[in-house]
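Keeping their order, the protein sequence lines are chains F and D.
In terms of the working numbering, the first sequence is residues 1 to 342.
In terms of the working numbering, the second sequence is residues 1 to 342.
Honestly, I wouldn't trust all of these hints.
Which chain D residues face chain F? A few, computed with CB under 8 Å, are given here [claimed, not checked]: (1) Met-1; (2) Ala-50; (3) Asn-97; (4) Ile-142; (5) Val-288.
Below, a sample of chain D positions facing chain F; criterion: calculated Cβ distance under 7 Å [as the list claims (entries may be wrong)]: (6) Val-70; (7) Ala-114; (8) Ala-118; (9) Thr-146; (10) Ile-257; (11) Ile-284.
To be clear, the hints were calculated from the coordinates, so they are not data collected in a lab.
Don't be surprised by glycine CBs; every beta carbon is placed ideally from N, CA and C.
Protein chains: 2
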Amino acid sequence: MATLADVARRAGVSTATVSRIINNSPKPVAEALRERVLAAVAELQFVPNANAQQLARADRSAVGVIVHDVSDPYFAEITRGLQRVATDHGRLVIICNSYRDPERELAYVDLLHAHQTAAIVLAGSGYHDAPITARLDAKLRIYESTGGRVAVIGRHEHAGDAVVPENEPGGYLAGDALYRLGHTAIGVIAGPRHLTTTTDRLAGLRRAAKEHGHRLTARQIAYADFDRNGGGAAAAALLAANPGLTALAALNDSMAIGALACLRERGIDVPGEMSLIGFDDMPISVDVTPPLSTVRLPLEEIGVRAMSMALREGERDGPLVEHATARLVLRGSTAAPRDRPG
Amino acid sequence: MATLADVARRAGVSTATVSRIINNSPKPVAEALRERVLAAVAELQFVPNANAQQLARADRSAVGVIVHDVSDPYFAEITRGLQRVATDHGRLVIICNSYRDPERELAYVDLLHAHQTAAIVLAGSGYHDAPITARLDAKLRIYESTGGRVAVIGRHEHAGDAVVPENEPGGYLAGDALYRLGHTAIGVIAGPRHLTTTTDRLAGLRRAAKEHGHRLTARQIAYADFDRNGGGAAAAALLAANPGLTALAALNDSMAIGALACLRERGIDVPGEMSLIGFDDMPISVDVTPPLSTVRLPLEEIGVRAMSMALREGERDGPLVEHATARLVLRGSTAAPRDRPG
DNA sequence: CCCCCTCAGGTAAGCGCTTTCCTGGCAGGC
DNA sequence: GCCTGCCAGGAAAGCGCTTACCTGAGGGGG
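Work the whole structure out from these sequences, hints included.
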């Protein structure tokens, strides 16, 4: 591998000069020299060693992003927003998938810290696990104390700036919509118990139930993985345990789509025999049949705002917390319950 | 920021000893010292500077991945495979989105080269643009000449190992299926003209047409972006230009889903009045109504194989080229054309 | 005509770590 | 009891850059 010194030797100048030319330093350099150096760079196919540059320079330029899984549309949308802002600022973004493993998340915080990233954006639900949360928080604080910026998405419990999606209010919106339509026997397709997103959204649903004079019993809630298969399994369990159900509320759209497939398989008409509502409004949700009623979260915008916070200049007094509004989107998968004999 | 030297001072040992302890060097260290050092590390919240480590060490550990857009399910699936293998090998992966901008792709190759990544995996269609292709190839070769490994996905034109999805054969499969069903007036929803994936898949479709005694005229082909909106627009254009169409072949599933939405909007029954076939078999394709007939590409497996190639040890004589088999998957969106009067 | 200022370019001191090579102390063998 | 060998730990030389500081030459003013 060619080094700066090789280029300098080849061009018959000092390494300082080569460095200045390569980095477009403000220090003026004679045109003749510049050309000689550029020629040497081309001939030797010199590519500067970024690690050495980072070490020698003071500034940090890249930013790190830790998500559960980029291939999940929820995170894909958020990531798109994060990327856009980072790119506009000329920053490289390093994406890390924790695959919902808290230990891996901790490891990635260290890794991004070690790589001297300027900021870390942590997206995705928190865990109901005090030791983990404390450790994560400690690491984040250490990172911040060395000058790194932290922005979290959907995790109220941590240091740093935060953009918090309205999970509880969104859950309320979904529940309220269903009760208003006249449903009383509602099943909930919930994500994993240990995720705060699950409990937050569920809390909203419960509040709506209460307000309408109902309550959600344990039997009406099925917990499963936050994906298509989890949704299918949960729907099946709910159907088996609660014969009279007229509506299903899924805590995210992936699960709702899994539930839809399960319902279709059993020949249960949606929304004729069963209403279904999701959460998040992933892009694909309009394309299933019937198009999914859901609670919309401005995913890409959440990413944009989080990255903007992480990259904002200047000192700040205390962390910023912004909320991302949940909005009800009624499409074809919800309707009033069909009148039943009895 | 605490440094190795700070820790050494604090523990009253040399930096060499600290380094050995931190890296679990094989060199034995007295237990008492080890404990003192570990205590100092904890107190000072020391996190080693990865750039300095990389510079001082000889080895390269991270691997880079350049895709068009991770949030596109096609790349999301491939990336999942890439990630899995990299993680199994204990490698960090740096994901870069080119957003289909060739210049950005070039810049990312340099960036990954500069960061001393052990390998670069380049996924996504190539461009019909000789200068760009030549420049990219040159950069890749330079990178390889410095010891980096290159693996490309779906780009026959470059240096390095390759896994090549069967785009042409897949196109043939789609076309053949439609003609066999009895369709003769077929419209093609194509991706951007300048992408090799578009022309390859189209070539397969053309071969099928020819074999069945037909041909695809320019009027029967609409080019648009490789996404949902592109598919909708192309479908609309095709319908307007070709009144007698009985089937639509989309060059990827996203476009097919857009077309489906367009058809639904116009009240055209699929597959009753119009058959539709996609390409790729994204996970979501089974969840639209009707479920999409398509040509399946083993996306995740492609990622697995590409990363395995990039990470494989030892010298190799000449680049490896593997093919990923396309397979026809008939679901509900295709049927024989309805008999028409006349 | 000389001095001083200016400025292009070079010298060299790090940046934070790893690792080779060396040192000094101890145990064992003769 | 002395020499040799062994081993834990330290000193220091880089890794490939950036940049503060220095140098020397040339030009302008007194």
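Hint by hint, here is what the structure shows:
1. Given the 8 Å rule on beta carbons, the hint for Met-1/D holds: about 5 Å separates it from the nearest Cβ of chain F.
2. Evaluation of the Ala-50/D hint against chain F yields a held restraint, the C-beta minimum of about 4 Å falling below 8 Å.
3. This hint holds: Asn-97/D has a C-beta 6 Å from the nearest C-beta of chain F, less than the 8 Å allowed.
4. Interface restraint check for Ile-142/D: the shortest CB-CB distance to chain F comes to about 5 Å, inside 8 Å, so the restraint holds.
5. The criterion of a C-beta within 8 Å of any C-beta in chain F is met by Val-288/D, whose closest approach is roughly 5 Å, and the hint holds.
6. Against a cut-off of 7 Å between C-beta atoms, the interface hint on Val-70/D holds, since the closest Cβ of chain F lies about 5 Å away.
7. A cut of 7 Å between beta carbons decides the hint on Ala-114/D: the least distance to chain F is about 4 Å, and the hint holds.
8. For Ala-118/D, the interface hint is violated, the least distance from its beta-carbon to any beta-carbon of chain F being 13 Å, above 7 Å.
9. Among the interface hints, the one on Thr-146/D holds; its C-beta lies about 5 Å from the nearest C-beta in chain F, closer than the 7 Å criterion.
10. Taken as an interface hint, Ile-257/D checks out: its beta carbon lies about 5 Å from the nearest beta carbon of chain F, inside 7 Å.
11. Interface restraint check: Ile-284/D against chain F, minimum CB-CB distance 5 Å, threshold 7 Å, status holds.
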